[in-house]
Structures are given as structure tokens and as C-alpha cells.
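Engineer: Join the two chains, each given in its own frame, into one complex according to the hints.
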Amino acid sequence: MAGYIFRRILQAVPVLLGTTFLIYFMVFAMPGDPLLALFGDKTPNPALLERLRAEYHLDQPFIVQYFLYLGGILRGDFGTSFSGEPVSAILARTFPVTIRLAIMALFIEFVGGVLIGLVSGLRKGKLFDASALVVSLIFISLPIFVIAFVGQFIFGIQLGWARTTVSSGAPIQDLILPAFVLASITFAQIVRLTRSSVIETQSLDFVRTAYGKGLTRRRIIPVHILRNSLIPVVTYAATDFGVLLVGATVTEGIFNVPGVGRTLYQAIIRGEGPTVVSFVTVMVLIYLVVNLVVDLLYGLLDPRIRYVK
Amino acid sequence: MKIRRYGIGALALVAASALALSGCASSGSDTSATGSSSAVITANGSEPQNPLIPTNTNETGGGRIIDSIFAGLEYYDATGAPQLDVAESIDTDDSQTFTIKIKPDLTFTNGDPVDANSFVDAWQYGALLSNEQLNSYFFEDIQGFSYDEDSPLTGLSVVDDTTFTVTLNEPRADFPLRLGYSAFYPLPKSAFDDMDAFGQNPIGNGPYKLASDSAWQHNEKIDLVVNEDYDGGRKAANGGVTFVFYASQDAAYADLLGGNLDVLDAVPDSAFGTYESDLGDRAVNQPSAVFQSFTIPERLAHFSGEEGALRRAALSEAINRDEITDVIFQGTRTPASDFTSPVIDGWSDSLAGADVLKYDADDAKAKWAAADAISPWEGTFQIAYNADGGHQGWVDAVANSIKNTLGIDASGAPYPTFAEQRTAITDRTIQTAFRTGWQADYPGLFNFLGPLYATNASSNDGDYSNPEFDALLNQGSADADPETANKAFQDAQEILLKDLPAIPLWYSNVTGGYSESVSDVDFGWNSVPLYYAVTKS
Numbered sequence: 001m002a003g004y005i006f007r008r009i010l011q012a013v014p015v016l017l018g019t020t021f022l023i024y025f026m027v028f029a030m031p032g033d034p035l036l037a038l039f040g041d042k043t044p045n046p047a048l049l050e051r052l053r054a055e056y057h058l059d060q061p062f063i064v065q066y067f068l069y070l071g072g073i074l075r076g077d078f079g080t081s082f083s084g085e086p087v088s089a090i091l092a093r094t095f096p097v098t099i100r101l102a103i104m105a106l107f108i109e110f111v112g113g114v115l116i117g118l119v120s121g122l123r124k125g126k127l128f129d130a131s132a133l134v135v136s137l138i139f140i141s142l143p144i145f146v147i148a149f150v151g152q153f154i155f156g157i158q159l160g161w162a163r164t165t166v167s168s169g170a171p172i173q174d175l176i177l178p179a180f181v182l183a184s185i186t187f188a189q190i191v192r193l194t195r196s197s198v199i200e201t202q203s204l205d206f207v208r209t210a211y212g213k214g215l216t217r218r219r220i221i222p223v224h225i226l227r228n229s230l231i232p233v234v235t236y237a238a239t240d241f242g243v244l245l246v247g248a249t250v251t252e253g254i255f256n257v258p259g260v261g262r263t264l265y266q267a268i269i270r271g272e273g274p275t276v277v278s279f280v281t282v283m284v285l286i287y288l289v290v291n292l293v294v295d296l297l298y299g300l301l302d303p304r305i306r307y308v309k
Numbered sequence: 001m002k003i004r005r006y007g008i009g010a011l012a013l014v015a016a017s018a019l020a021l022s023g024c025a026s027s028g029s030d031t032s033a034t035g036s037s038s039a040v041i042t043a044n045g046s047e048p049q050n051p052l053i054p055t056n057t058n059e060t061g062g063g064r065i066i067d068s069i070f071a072g073l074e075y076y077d078a079t080g081a082p083q084l085d086v087a088e089s090i091d092t093d094d095s096q097t098f099t100i101k102i103k104p105d106l107t108f109t110n111g112d113p114v115d116a117n118s119f120v121d122a123w124q125y126g127a128l129l130s131n132e133q134l135n136s137y138f139f140e141d142i143q144g145f146s147y148d149e150d151s152p153l154t155g156l157s158v159v160d161d162t163t164f165t166v167t168l169n170e171p172r173a174d175f176p177l178r179l180g181y182s183a184f185y186p187l188p189k190s191a192f193d194d195m196d197a198f199g200q201n202p203i204g205n206g207p208y209k210l211a212s213d214s215a216w217q218h219n220e221k222i223d224l225v226v227n228e229d230y231d232g233g234r235k236a237a238n239g240g241v242t243f244v245f246y247a248s249q250d251a252a253y254a255d256l257l258g259g260n261l262d263v264l265d266a267v268p269d270s271a272f273g274t275y276e277s278d279l280g281d282r283a284v285n286q287p288s289a290v291f292q293s294f295t296i297p298e299r300l301a302h303f304s305g306e307e308g309a310l311r312r313a314a315l316s317e318a319i320n321r322d323e324i325t326d327v328i329f330q331g332t333r334t335p336a337s338d339f340t341s342p343v344i345d346g347w348s349d350s351l352a353g354a355d356v357l358k359y360d361a362d363d364a365k366a367k368w369a370a371a372d373a374i375s376p377w378e379g380t381f382q383i384a385y386n387a388d389g390g391h392q393g394w395v396d397a398v399a400n401s402i403k404n405t406l407g408i409d410a411s412g413a414p415y416p417t418f419a420e421q422r423t424a425i426t427d428r429t430i431q432t433a434f435r436t437g438w439q440a441d442y443p444g445l446f447n448f449l450g451p452l453y454a455t456n457a458s459s460n461d462g463d464y465s466n467p468e469f470d471a472l473l474n475q476g477s478a479d480a481d482p483e484t485a486n487k488a489f490q491d492a493q494e495i496l497l498k499d500l501p502a503i504p505l506w507y508s509n510v511t512g513g514y515s516e517s518v519s520d521v522d523f524g525w526n527s528v529p530l531y532y533a534v535t536k537s
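Protein chains in written order, with this note's numbering: chain A, 1 to 309; chain B, 1 to 537.
Certain hints may be false.
Think about it this way: if two alpha-carbon atoms lie no more than 20 Å apart in a straight line, the pair counts; the simulated SDA-like pairs of lysine to any residue are [what the hints assert, rightly or not]:
no.: 1; chain 1: A; residue 1: Lys126; chain 2: A; residue 2: Arg192
no.: 2; chain 1: B; residue 1: Lys189; chain 2: B; residue 2: Thr109
no.: 3; chain 1: A; residue 1: Lys42; chain 2: B; residue 2: Gly437
no.: 4; chain 1: A; residue 1: Lys42; chain 2: B; residue 2: Glu132
no.: 5; chain 1: A; residue 1: Lys42; chain 2: B; residue 2: Thr426
no.: 6; chain 1: A; residue 1: Lys42; chain 2: B; residue 2: Asn456
no.: 7; chain 1: A; residue 1: Lys42; chain 2: B; residue 2: Asp463
no.: 8; chain 1: B; residue 1: Lys101; chain 2: B; residue 2: Asp160
no.: 9; chain 1: A; residue 1: Lys42; chain 2: B; residue 2: Asn50
no.: 10; chain 1: A; residue 1: Lys42; chain 2: B; residue 2: Asp388
no.: 11; chain 1: A; residue 1: Lys42; chain 2: B; residue 2: Asn460
no.: 12; chain 1: A; residue 1: Lys42; chain 2: B; residue 2: Gly61
no.: 13; chain 1: A; residue 1: Lys42; chain 2: B; residue 2: Asp141
no.: 14; chain 1: A; residue 1: Lys42; chain 2: B; residue 2: Leu129
no.: 15; chain 1: A; residue 1: Lys42; chain 2: B; residue 2: Val290
no.: 16; chain 1: A; residue 1: Lys42; chain 2: B; residue 2: Thr60
no.: 17; chain 1: A; residue 1: Lys42; chain 2: B; residue 2: Gly63
Covered stretches of chain A (chain B as the covering partner; in silico rule of three or more C-beta atoms under 8 Å from a C-beta of chain B) [claimed, not checked]:
no.: 18; region: 29 to 38
no.: 19; region: 42 to 51
no.: 20; region: 84 to 91
no.: 21; region: 150 to 160
no.: 22; region: 255 to 262
Label-pair ranges, simulated between beta-carbon atoms [as the list claims (entries may be wrong)]:
no.: 23; chain 1: B; residue 1: Asp481; chain 2: A; residue 2: Gly160; range: 54 to 60 Å
no.: 24; chain 1: A; residue 1: Ser88; chain 2: B; residue 2: Lys103; range: 40 to 46 Å
no.: 25; chain 1: B; residue 1: Ser212; chain 2: A; residue 2: Ile140; range: 45 to 51 Å
If you're looking for bench data, these hints aren't it; they were derived computationally from the structure.
Heads up, the beta-carbon is just placed ideally off N, CA and C, and yes, glycines get one too.
So here's chain B without its partners, still in its complex pose (with noise of 0.2 Å):
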């Protein structure tokens, strides 16, 4: 083989460039319209991590688009108040057994009708083991659940096209409450036939619907059009929502920035001093639903008892709280007075013994001797966490004012990955404090301490018993006046503040931000904006 010809090889890859490129297809499709009814929204997102079927997407990448394509039995409003969306009454006389009834000649984007079938047969599918759908556990209080075996709901019985019951184990007062919640979504008949590609390509009957059968493309976006046949509260007054999957929130904002996103839910921490100056009143800035802490295990030497109470309570003043959300968060973070959420019902500032969660520099040190009379300290107090969601700066800071403040040593404990957080705190062999975290699934009191400190409690953690407690939680719940639960609820917490088997350090703020081109733009109370309401011109 001889070539005479000089720059062979730049000249084959030029050509192999330009083969290449005049063969790959572009294919921009480019959705802008006019008219403020008909414009298509796009907001950012995320891949969803499981298929989109209610019962198994329990984050928020999968759970904005479930929950703008289905309409449930009610929603929530901007408030977190619950409205009926398919339901027309829910009825109880004594918290356990509740009688829903639907609205009639509702239909599934693809015909099928909603009825009480489409209930009861998808809640049943969301609940059976076998299933293994991730949200099964909101099922638990129903007649008939198990997590052992698969067990039918005996607790649902369809009355008749539009009625049908639910019997719970025992009374649950805000069971009703629970309703909104995406894991209550009705399903379709065809569902059943091949749940797989269901979950690739659902059918709904909420605002929005997938605009095709290839809507959802992966990794890069979903288009969603409006359903003209729902008639809930959700009313869409846009033409559409285009979920925009980043991997990182700052490409999101850079493309906010750039004029190419409409909607932000989450400003990327390295324009935490920068985004109010960028946006000006397109900022957004709200404490939303959840709630961060450390937890302490009971089982870490020096941490029960008398000398454990006083240590945690010393730790907890020694934590200069609107120092840590001001420097390091830019005022991002709300400190926390309770283990809830100020966007929840029932949210209280002034609870007795709220003043441990003051920074109190002189008591805290006191507190600290105390303890060590009964048994001196020695080591290094750590928070645990996983690097590879930013906490570092935080934890760091927390130590440090603990540091400074009781003169012992105090560190951050990376774990490399949030996967193997998970698995050292689950199988219990974590020997440290570490990071948690709460988002509510429902807006209520109860969420936020049910299933976190209640006695066995499947995200107990810390292993955390008080029969006090669990007595105040059960009357709470059982208790259909929402005024006095929620004043068992608060009692509830005020056992926690002296018990303290988590640090309360803050709520985290929604922050987000939006285009010029859109108005009405509201987040609800789980941090997610309202997309039906937000209008393009």
C-alpha cells in the first residue's frame, strides 16, 4: 500500500468527521407557541429512578410527573390543605372505617372509566408483597396488610360503581389526610395486563397526559399536554409541561439563566449568595416539608440515661444554629424549634423545653460538666454522613461550633456514598452520630414523628422508645378533632425535646426561581411547584 498523498491521516479523519456528522440526524424539536393557554411550560427534573406507576416512585424525579398526569382521590393546595379531586365525600363516624365516594363518568385518558374498582384494584396491587412496589407501606393501617406474605387488603370493599370502604387496624384520625399522597392514585384496568410497559408509558386521568407513546425520553426529557377531559381543581392554564431531566442543578440554573427553563425548583448551592441578585422577584425562597437533624443512637456509650440526656441536650445549645444557616447556607436553611415542618398544620414555635434548641454557649458547657461528673468523656464526638451529597460544609460547621463551644474534640465521618450511609445505619453497625433527614410524604404532624421515633418504628433509627410518647402519638391519631391531635402531637414533642433522640438543627428552604416569560408560579407545600397554575405568555 502507498499513498503519496501528504496529511493522510488528518485527511481520513476530516472525512470520517464530516461522514459522521452529515449522517447523525438533528432533531430539535422546538415547541414554542403562543397564546398564554396554549404555551408548554418546561421545568426541570430529573430521571425517574423507578417506573412510573404510583405505588412504586417514591422520589421526586418520578413523583412530579405521577403527580401532575394523576388525579387522586383529593390534592393539595399551595397551603397543603387537602381538596377532593375524584373523591366526592369521605366519610367516617369513628376514624377506622371510611366510606369514599367518587365522582360518576370519570375516565382514564385512554376510556376506561374510574371507579371504585380502579381503587381498591390498585391499591391492592400497590400493597401485596409480591409486587414489590416501594411504596407499599402506606397500606399498613389497612385491614388485612402484611409485609411478610402476600396477604389481600380485606379492609376495601367495593360498595358499588362509585362507593367503596376502607376498614383500618385501628382508628387513624388523619388517615384522610393520607389520601393525596401519589401511593392512593387509582389505576387503570389496562395496567394489569402488563404493569412493565405501564410503567414505561403511563395513562392517568389528572390535568396533564404523556403527549405520546414515546413522551418519556429517557434521561433527557417527558413531554406532557393537557388532558382536556379532567375536571378537578387542577385545571391546567398552561398548554403543557416539559419535564427537563439535569444531571446537576447547575446546569438547570445556568439554563434558567440562559432563557431556557421556565420553572426552577432547586438552586444549585454555589449560587446560593447570587441566585436573589440574579432573579430578583422571580426568587423563591420558603421553608418547605423537611426537616434535618442528627440522630444519637441510645446504644453509644455515654449516651443513655441521666448523663446521655444532658450530653444531647449540651450538644444541642452548643449548636450555633442561625450562625450555621446564615454563613454557610445564605439563609437557605430555617432553624428548627420542633421535629416537624413550619408548613404543617399543627407547626409550633414555642413548645416547653424549645429552648434547647437555643445556642446557650455557658448553659451548654454546665450541662457538659454535669454529665462528666457522672462519667468523664473521652474521644472524638462525630457526625456521620455521605460525601457525595454535600453535606460536608454543614457537618463541619456543626462540629466546630460543638468544638469551640465544650472544648472536645468533634468531626465529620464521611461515608463515601449515600448507599453505604444506608446499609451501616440500617444493620445498626454504626458507632456515631449521624445525619438524617425527613421530607414528608403528607401534610400532618404525625409523619414527622410516627414513623421516626415511635417504638419499632420502621425508620427508627435510633433505636428510640418512650411508652409517654407512644401513648401521646395513638391518641393523636386516634383523636378525629384536628385542633386537640394536634395538641397531642405537640405534647408528643415536647417528651422529644427532653429526650432528644435526634438534634433538631433546621427545615430546609425551597429555593427556586423562574423565567420572565411565566407568572403565577407557587410551590406547594412539599417543595414542588404548582405546574397547572403557572401561565406563559
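The following block holds chain A by itself, in its conformation from the complex (with noise of 0.2 Å):
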């Protein structure tokens, strides 16, 4: 187990090499200069620009520029953004937001889905179940910025039950609406999934074998239906939190939550290449240590699974 996990990390090292290079290369193969925007639609004196190009290291080759970053940040330095503030502690800032937001919707998801999905698939047919697919179609099939707005014009405007946008620091409460809009699509997959899931692993041997010992269907429902039943929910669950920790650009920009999503999509627009480079190796890293954290977790699910070295 313990040689498992080591291998894995030290694979994740060449990964992280390489998607940094690639991050990169791609950033700097955006088109247009973004210090030419950084003037608005007023064209700035030439010598100007070339000392800020200077400055920024712009006037320098690619490859050159990659591995002044790369030297940077093994000293430490991720580099600072236009506005003067090192990326070091905007990653410091942004992600403790979005991983809030995300392990609320994820709860949210996870919990809500994987019950009515339990119920729908033990009552398969039934008024319930219809009930259920019809609801999670219709969230299926909304884009998500369809329900943001839907969701903050009647909990926001309307009723007044939630804030509009999140406020600064971004408490919990303002964070409800924003996460539940944010499972809301997610929470429906699962719901169909954990129904397909049960329905399949109620009619295998096992189970049949439990009924017929006389168990309980309190007992059997959980310990021998749910559980073996929780294997693809729990991928998907889990790359579903992958997604939701590096950001959900649309929803945060609906909400301004001060996140992840929506600080990377300004620097793409404003075109800061190491704050967008420093966001990206941060998400791969969580995607690495995400899909590691599920590949450990079949195993508790399913003692059948087991890793050697």
C-alpha cells in the first residue's frame, strides 16, 4: 500500500512538468500583447512599452521565459500580477473560497443524490421513481447558468432568503444558494446513477442469498445493496469534486464568489501568464491527488480491489 502510494507520487512529477510546460507554452501563444490592453484603447509611447515588456520578461523567447518561471517558483516565487500582488498569496486566497464552495455542493450532491437514488431504484416503477427522473431530466438538460439565474432571481431578489452575491470572505450562508445551484446538475446524474446501480445489484446472487438467510431488509438494504452499489457513484462523486475544487467559472461569476473560476478567468482575459500558470499546477496537483484518494477508496468499498506493489 505504502509502495503504492510513493509510486504514484513520484509519477505525478513528470505529469506536473509537463502540464506546466504545456500551460504555458499555450499562454504564451495567445495572441496579442496584453500590455498593449493594459492601455485601453489609448496606444501607449513605444519605449514605455518595451521597459514593461522588460519587466515582465515578455521581450524574452519562450523557452527562456518558462524556465525563469520555473527557477521562480522553486525559490518560491510564483511571479506577481499586474496589479502588484504576488500570486503566492492570491492562490492563498482563492482556493480555501472554492473549496468550501465545493465540499458544500459536493455534501449537497452526494448525500441528496445518492438517497432518492437508493429509493427510486428500490422502488423502481413506481410513482416515486417517475417522479424522480422526471426532476433530475429537467436538471439535467438546464445549463447551469439557467438555474444560477433562475435561482438568484427568486431566492435572492424575490424572496430574500438568500444574498444575491456572496459577500466579502465569503461566509457560509451566503455560500448555500452558489453550492446547491452547483450540485443541482450533478446531483441529478447521481440520482440516475445510483438507481441503475442498485437495480442491477439488487437481482445478483448475494442478495437473493441475504433474503433467503432471512436478514432484514433494514440490514441488507445498506450493508449489502447501498454499499456495493456505491463504486461508480463514488468515481464519479469524487472526479465531480475534482472539477468543482478548480472552479466553476460560470457560477462564481454569477454569484461573484471570489474563487478560483472567476480569479483565473480575469487573469486569462488580462492575460497574466504566471497567475494563470500557478492556478493550473495547483489544479493538477488536486486532480492527482483527487483520482489518488479514489483509487484508495475502492478499495475500502470493495475488499475484492487491492493494490500491490
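Structural biologist: Structural data, given as C-alpha cells:
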């Protein structure tokens, strides 16, 4: 087990190097000069532009810029944004907000989705199942910005139950509405996934055996059916957690959440290479960790899955 | 490892969530206060793009903060007229040498005195090439300025603690008018010790100051409180301003409707149709100092000489500005009748030749046919724009108007980003007409004309050149009488209306609104609300 984990961490190093290189290259290849955009519709004086280019190393060839950046990271220096804030400070500020939002959304979608999916699966074809199908299809087919705007309008403006946008510091009560919006689509997917998985598991031999042994439904449903049905659901939810952690640009924009997605979007628009690459590097790290955790979770859910050296 | 409990995955996740949630601090600070003069107003803003240094702030996100925490020699009132702020008098005999006296005994919020040196040192800093200040071009008329090397402004000299003189390279009658712009604000002595730290936590002398060392919460908000020592014409009628930074105007608008925002200065496009009914008499819609056009560079085939003049006029007459501002912009743009803006002193809607800005399909066709007789037209007429700025709607409408009137192919040519479009324009590789806009830095006609159409001017992206126009511009600049100076600028515009280096389209209106809890909301000439005058109950 420990050897397996160690091997996975070693594998992460080339993946990280490769992705930062690719991302840096893509940011570099983005057409247009970000410094020109700083001046709006006004044309700057060439000598000033020259000096600014030198300051941000934009006058150097791509490979030199990349190694200057890598060297900086090794010294703990992620670069600075155009507004003079160290990128490390931006990372430290935005990730906790997004992590909080992601955990809340994951909690909502996982608990709600599994419960409803389980009941649907057990009562296949009944009224509850049919209604759950309709509701989840509606959520799956709606684009997230529609759900977000409608939620903001109804709960924020009309009813006044939630703040329309997230206030400074992103307190938990402000994040509830965006978390529900973020959770809505994945929630529907989890319902569908759990339902079909439960139906499949129900017809397996060990469940019939359990019933035959005279075990109660109270024991069979959670221990035999649910636990064995969760493998695909956990995989799905965990990947989704990764997606949530790297920021939900649309939702964060609509609710003005000062998190990763909104900040990254702004950095891309402004062409701030160091900010973009640093964010993506951390995102890649998160994906690697989440994937490792998912693989380890399999072993917990299904003892037949073992990792050997 | 063996685990008997069921639903272990779910349990682990729940436990992790609970831990993480309880470990997260919630710091929703509550700044509600009662009493009209102590209540803090909230207003929309955006994360400043640059450090908060007056000579390095050229966009509105940082600009509205800088204007709130600094006081310059002058400020502009709601009509755009300059009023003395820190200055006691600004005198000149020849419009070339100015003697500026400032009020005695003023201080910055850290106790540093506001004296002649605060201005002279700040301007020297802002102008020096190696300091890389984005607004350095504001000092170009002062003696000693150089774009190409570090060169001190020899035209500035300190007479005594409260007096200094400015000598320009040539007479500029509108120089005093420019002095309300943020590039000319003073800096305290302590700023020069560590300008990077100052840019994160600026110290000014204006109606407001930063609430604390950590008032600027990047990407979230900035808290300003009243500077009790400020005693100019912009004394705050409220207890402070909190600028909340929004990534999208839609979010800001939702907050205004939801009661979380007091003053909004930009209604999103999506609400143009509804904001007046949503807000009633709390909706604001008035012209601002933003002029929009598209520029046709003279180097494009078919657009020079007599043929070019005919085609430019034909294109201009083929655009139904009234209909487009009405349908696409729902009345939030005002059709242009000159090259400046209605909020500027000297604006006119009756310049000779302004008929070319009126929709006239028959005349447009006739002119286009006359141009075809000189050299037949072929291909598509394209207008380039940046696709990340919400311009597609009107560009397509203008192209359609041209297409339907003249019977030629016309279309928009999108560039993915603003940076990409500016690059193509600046290095002159662009081979189509392109969208241009101008927001004035100070409320004067010259600012709309000189930088854009004077020969070799910095933002003359179409490389327009006309000696007659240049001569009138210089004549107006040197004229100390505003009346006759504006007359010269109007005459200069009549030349532009003949040559049409850019096709004027419309003036942007400022669209905004405010909540029920505030009153006395006025918008300044530059579309930014006069925050200091807002009262909150």
C-alpha cells in the first residue's frame, strides 16, 4: 500500500512538469499583447512599452520565460500580477473559498443524490421513481447559468432568503445558494447512477442469498445493496469534486464568488501568464491527489480490489 | 485493512466536509450603521488592474478609488467644470508658464505636509521613463519631458513651500483644465521610500482614506472611510464608501435589486430592456464623455483621395444610427453629431457638414455609385472588433445597415480578445476598418481631437493627417479665451466631417441606478458617480 502510494507520487512529477510546460506554452501562444490591452483604446509610447515588456520578461523567447518561471517557483516565487500582488497570495486567498464551496456542493449532491437514487432503485417503476426521473431530467437538461440566474432571481431578489451575491470573505451562509446551484446538475446524475446501480445489485446472487438467509431489509439495503452499488457513484462524485475544486467559472461569476474560477477567468482575459500557470499547476496537483484518493477508496468499498507492489 | 461499516465512502466524505466546514472561519463583516452622515455606502467597482498610484492608474476600477482618496489642484464638478481643490490660484499670462499657489497647512492622512514639493516630486516621478508609469504621457507638454530616455521635467520649479511654476514647451490654454486628472495628484514624501508598498496601501489627501492597512481586499472589495482633515469642495456627506469588486455587471445589478448595493454605475446589457421599470426614478441614463466610432485607415484600397471621401460619406449616411441605438441599445446610446461628447463644453450638434451623420439611403447610394465610377468596388466591407467586449450586436447591425443600403457585402470581423485587436491595430497589420472608442481624460474638446487625429498623434490609429486640421488645433490650444478656442476646435471638426478619418457612431450613455436607502446620487462628467455627495439614511 505505502509502496503503491509512493509510486503514484513519483509519477506525479513528470505529469506536473509536462502540464506546466504545455500551459505555459499555450498562454505564450495566445495572440495579442497583454500589455497593449492595459492601455485601453489608447496607444502607449513605444519606449515605455519596451520597458514594461522587459520587466515581465515578455521580450524573452518562450523557453527562457518558462525556465525563469520554473526557477522562481523553486525559490517559492510564483510571480506577481499586473496589480502588484504576489501570485502566491492570490492562490492562498482564492483556493480556500473554492474548497469550501466545493465541499458544500459535494455534500449536497452526494447525500441527496444517493438517498433519492436508492429509493428510486428500490421502488423501480413506482410513482416516486417516475417523479425523480422527471425532476432529474429537467436538471440535467438545463444549462447551469439558467439554474444560477433563476435561483438568484427567485431566492435572492424575489424571496430575499439568500444574498444575491457572495459578500466579502465568502461566509458559509452566503455560499449555500451557489452550492445548491453547483450541486444541481451532478445531483441529477448521481440519482440516475445510483438508481441503475441499485437495480443491478438487487438482482445479484448474494442479495438473493441474504434474503434467503432471512436477513431484514434494514440490514440488506444499507450493507449489501447500497455499499456494493456505490463504486461507480463514488468514482463519479470524486471526479466531480476535482472539477468543483478547480473552480466553477460560470457560477462563481454569477454569484461573484471570489474563488478560483472567477480569478482564473480574469487572469486569462488580462493575459497574466504567471497567474494562469500557477493556478493550473495547483489544479493539476489537486486532480492527481483526488485520483489517488479515489483509487484508494475502491479498496475500502470492495475488499476484492487490492493494490500490490 | 478491513472495514465492516456500510457506506464508508459516504461517511468519509461527510466527516471530511464537517471538519472542513467547521474549520473555515466566516468573516462576514457587518458595516451597517445608523445616522445619515455616518452610514457607509456600497458601490460597484472592479479589481484595480494596476497598483494604486495616481500616475499608474488609467482604468476606472482603480480610478474611482484614486479619485476618492486623493485631492488634486482641482476637481471636476457634476457638470465637468473645474473647481479649485488644493490649489488657491492658477495664474498665467501666456498660457505657457503657469504659477500655481496651493492652500497652506494641508496634510496627507499620515501627517506629511501637502506642499509644492508633493506635486513637483509626484509629477517628476510620473514622467520619468524608468518608472514605467502608464500615465506618463500626461506630462509630455511640460518642458524637459522625453519619451525615449530618463529626463527630468526642467519646466517644474519650486518657488516656496506653497508655490511652484510650470513651463510648457508651447502654449496650451487648456492646461489648467487638465489639472483635475489623477495623473496630476500629489504624493506624500513617504511614498518614494517604497512605491510598491505604497501602491498596495496608498496614503492620500482626499475626502476619503483607506479604512486600514488591509482595506484593499484583492478581488473582493476596498473599504474607504472619511478623511476628517479634508476641507475642500468634496467633503463627504456619508460615513465612507465600500467598493465591491464584481467580475460581471450582471452580478452587480442583481445585488442592487437584492438590496446589497447602494450605487451602481453600469447596468448590464441584459437589463437594458427592464432596468427603467425595475428602478423607476432611481434609474439613471444620461450621455457621458465616451465617443464611439469606427476608423477606416487611409492605406486601405478604395479609401483615399476623392474616391475615399465619397465612400466614407456614403458609408456614414448608410448607417441608421437612430434605429440601432434604439433597437440594439434600447436608448442607452445617443447618436453622434460630432467627434466629441455632449457633456463637454463647446459641443455642438449643428456643425457644418454634420448632415453626413444622418441616415440618407438615396444620397448614400448616389455617393457610392460616384465612387464606383472612379474605381469599381469589389469585396466585402469589414469592421473589426474584439469579441470579448460585447460589441458583436451593434457591429452586425451597422454592417447590415450598410449592406441593405448600399447593396454591398458587409460584415463584422471579430478578434477573439481585446489584446489581439489592439496588437493588430498598433502594428498596422489590420486590413479592415476597426472599432474605435475614446473616453476623455479631462473635460475638454481638445482631448477628443488632438490625441486621435493630429498628425502622428499617439492614438492616431488610422494615420490621418491634414495640415489644415493641425493648424486649427494648434490655434485652439494656444487661445486663452475658451469661446474662441472652442470655435477653432469646432472649425477643426468641420474638416473631420469632410475627411471622416473615423465614422462617428454614437456617445455612450452612463446607465446606472441606486437603492432606496440612498439619495443625492449624481453622476460626474466622466460617468463615475460623485460618491462624496451621496447621503444614506
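Engineer: Each hint should be assessed against the structure and marked as holding or not.
Structural biologist: Against the structure, the hints:
| no. | hint | verdict |
| --- | --- | --- |
| 1 | A:Lys126 with A:Arg192 | 15 Å, holds |
| 2 | B:Lys189 with B:Thr109 | 12 Å, holds |
| 3 | A:Lys42 with B:Gly437 | 9 Å, holds |
| 4 | A:Lys42 with B:Glu132 | 16 Å, holds |
| 5 | A:Lys42 with B:Thr426 | 10 Å, holds |
| 6 | A:Lys42 with B:Asn456 | 14 Å, holds |
| 7 | A:Lys42 with B:Asp463 | 14 Å, holds |
| 8 | B:Lys101 with B:Asp160 | 9 Å, holds |
| 9 | A:Lys42 with B:Asn50 | 16 Å, holds |
| 10 | A:Lys42 with B:Asp388 | 18 Å, holds |
| 11 | A:Lys42 with B:Asn460 | 9 Å, holds |
| 12 | A:Lys42 with B:Gly61 | 17 Å, holds |
| 13 | A:Lys42 with B:Asp141 | 17 Å, holds |
| 14 | A:Lys42 with B:Leu129 | 18 Å, holds |
| 15 | A:Lys42 with B:Val290 | 13 Å, holds |
| 16 | A:Lys42 with B:Thr60 | 14 Å, holds |
| 17 | A:Lys42 with B:Gly63 | 16 Å, holds |
| 18 | 29 to 38 | holds (count 8) |
| 19 | 42 to 51 | holds (count 8) |
| 20 | 84 to 91 | holds (count 4) |
| 21 | 150 to 160 | holds (count 5) |
| 22 | 255 to 262 | holds (count 4) |
| 23 | B:Asp481 with A:Gly160: 54 to 60 Å | 58 Å, holds |
| 24 | A:Ser88 with B:Lys103: 40 to 46 Å | 44 Å, holds |
| 25 | B:Ser212 with A:Ile140: 45 to 51 Å | 47 Å, holds |
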